[in-house]
Amino acid sequence: MPQNPYLNVLFMAAAAVVFIIACCYGLGSLARWIGKLRGASLKKQENTFAGYFFAAPWIVGFLIFVIVPMAFSLYWSFTDYRVTSREPATWIGLDNYTQLLFNDDNFRASLVNTLYLTVIGLPLQMAAALVLAVLLNQKMRGERFFRMAFYLPVVLGFNTAVLLCWRLMLNTGTGIINQIIRSVTTAVPALGYINRGLIHVQEIVTAFFLGLNTGKFNLLNKVIEAGLPEANRVPLWVQSPLWTKMSVILLMVWGCGSMMLIFLAGLNNIPKELHEAAEVDGASGWQRFWKVSFPLLTPYVFYNLVVGMIAALQIFEPVFVLYRDNQPLVSSTISMVYYLWQKSFSHFEIGYGSAISWVILVIILIITVIQFKLQDRWVTYDIY
Amino acid sequence: MHKKLFVALSILMLASMLLTACSPKVAPTEVVAEPQATEVPAAATPVTLKIYLLDYTPDTIAWLKSEINPAFEAAHPGVTVEITEGSWSGWDTTFSGFFAAGEGPDIINLGSEMNTLYGESLANMDEYLGEAAWADIKNFGPALANATYDGHLRGLPIFTAPRYVFCRTDLMEASGWTGGTPQNFADWVEFAGQVSEIDEATNSLKQQALVPVDAGSMADWQWWLLVFYSLGGELYKADGSPNFDSPEALAATQFMLDMRQATYGAASDAVGALPTGQGSVIDVDDATGANNGAVCLAHSGWAAPAFDRPVWSNVSIEPFYGDPANFPNSKPVVLAFNDWLAVADYSPNKELAAEWLKMAFSKEANHKWNETMGLIPARNDAQYGYVTDSAQLKLEAELAAKYGVGFAGIEEAAKLSTIMQDALGKLITEELTPEEVVATIQEQYSAALK
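If you're matching them up, the sequences are chains A and B in order. Position 118 of the first sequence, counted from 1, bears residue number 118 in this note's numbering, the numbering being contiguous throughout. Position 91 of the second sequence, counted from 1, bears residue number 91 in this note's numbering, the numbering being contiguous throughout.
For reference, chain A alone in the conformation it holds in the complex (with noise of 0.2 Å):
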């Protein structure tokens, strides 16, 4: 090997095209052999070596990026593995795993707050998103500029700017969202009863699932002690631990732009013929909407669902860039794979770390099977 960095470079990248055209020819060539072993014509033999001498880059692709760190995690996960030390991984068996779901309460309260950002950000988020799609649906003017205006987030994700951005909206004081209910609210007074039940009732739920993380339920009845809110109270959104989960949920909603296209294309799908007989018998809009539109949208539902909760138990940025710089509200707002981050990337615990991944793999996959198995019950494939 060339002590020199520059040619180094050049020879790893040769080696690199080297190792690719060697890996289709091999590939290729043990796919053709099989076929060959099969008895299958010379031409499907050609054939054959051509599809997966093409497809082998992938394949290869897969098997070293995918399948090979899949199987050191599973491995590390077996094992005590500190990054750090010059320690090897030590094999210490099930530890981890016993550790992490009996032992661990942080890995507890991750699982929590996992939770409440499903169970009650996945819902606002769909919502939000067919709100917007029917919207967008109305063939209304500037339809394809609010459609990249809504899409726009998923777009920009979650950088130092939309950070800084919303950071800023989501201050106490003089954030623009905190300004708005304070101008909502005090030009009708009537919703400004409604703000502060809502408030209570927010800090309410908050505080129950804070105390199931701890065990300990003071907050909760301190809150309830305190009763409504004050006519001035807002929401304190990045700034106490009560309201830590509803602004990663603030975000969630705010990224729903892919949700929202996947019901637009639905929308697009429904033929006008059943909206137009629903309207001749009769039918409000109201109506039409939920008795026509929505069983019909009920696949793009489930889809969404499915793939949104996948994401939703996985959530990490918008936890990481609201709370990254402001660690005493972690704790209150930590999910599953933000714990999995800190013990492997902070504490640098890979193999504790592992067992984390893959615990969170078993949660995902087990709740996806029971979304398929249960989605007979609901999803309507009539038309399609």
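Please note: incorrect hints may appear among the correct ones.
As the list claims (entries may be wrong) - Straight-line distance between alpha carbons at most 30 Å, and here's what the computed DSSO-like set of lysine-lysine pairs gives:
hint	chain 1	residue 1	chain 2	residue 2
1	B	Lys-138	B	Lys-65
2	A	Lys-222	B	Lys-450
3	B	Lys-65	B	Lys-368
4	B	Lys-450	A	Lys-216
5	B	Lys-368	B	Lys-358
Source of the hints: derived by calculation from the structure; they are not laboratory data. Keep in mind that this is a model prediction, so the values were computed, not measured.
Starting from the known structure of chain A, arrange chain B on it as the hints suggest.
For chain B alone, coordinates are given in the frame of chain A:
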């Protein structure tokens, strides 16, 4: 078919190699100087010395790239110095990747408490930087201890950035507080209640008596440690076990809660935080002429206003005094943080790394490096010029020398941080009492140390 395929693949391979050769990673302009390298047989093989720095000012980076690196490259033909700029946000993920792969920058930027975290993966640099090899090492102040692990040097400290208590005397007087910077816990709590002001319209603070690290929670673990040390607390007992079950730990925790409640009210009915302003929280906003809201700031010098700001005529700088009335061992404390550069054990260029460090940490260079950031150099003999010319920095340096306590030597620092932040987060929501908080930290940290 085979023949065509072979031709096509050969073309593909050649094209790939050509494209690779044109990629931006290859052949930076410095390589043009290779003829010079060939004149020096020892440096016939080009080497790139990689340095990873976190959140330095553009002035610092520009100075390193325009003065230090060219001088080093001239003195070491065939060597190219490459600086990568990272951020403290997410550094741990990046560093764990370096150590897991056993490959990465030769020199990495670490914080005070990280010597125990990464110590085993850092190179023993005694051979190159110890007193026998480099006489200048004796000019480094107490910060050098932070660059040491297991009795061996792992790198060199750049600066010392202690945490002081900066107070706006004019705002104190305007709020009717005439006692100056509080000097015990009871005074601090009374001060917080009297001086903090709430804007009824927004139900948020418009003036906050004390803004420590993490203004919102007022319960950051670094702030807790400062308060704990000021009571005379020791983090570990004689047998090495944690000391969170000590009276000092409980008092520090109770103080956190009292200050938080005196400022924000009860958790179930807390008010909003100060609005986000421009510049330091104890400064004045030039655009509006309004104060940014904090009366006192317990933080590093870099969080205070720039030294040329007019507000300094009304700002005092003092240590945190602890609680002498209740804890006789209390002492004034400024908690000294510092950045340092360490050499990774996986580095194949340890000697070169040491040579670069010696150049970048000479008396003049350490002085210049810190001048670009307005901080106190880690080298004692580099504390001249702008350090002594600035009344504020001179006072800060004096206080650091007199009351400085290092933020170092914390075993399993990352885990302790997580454990404490978690427990202190529950303290401010009153989910846990101060007694439960210290018991939780003691239990979890003891387990983490095993």
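Checked hints:
no.	hint	in the structure
1	Lys-138/B x Lys-65/B	holds, 27 Å
2	Lys-222/A x Lys-450/B	violated, 37 Å
3	Lys-65/B x Lys-368/B	holds, 13 Å
4	Lys-450/B x Lys-216/A	holds, 27 Å
5	Lys-368/B x Lys-358/B	holds, 14 Å
Checked against the numbered hints above, the structure breaks only hint 2 and satisfies the rest.
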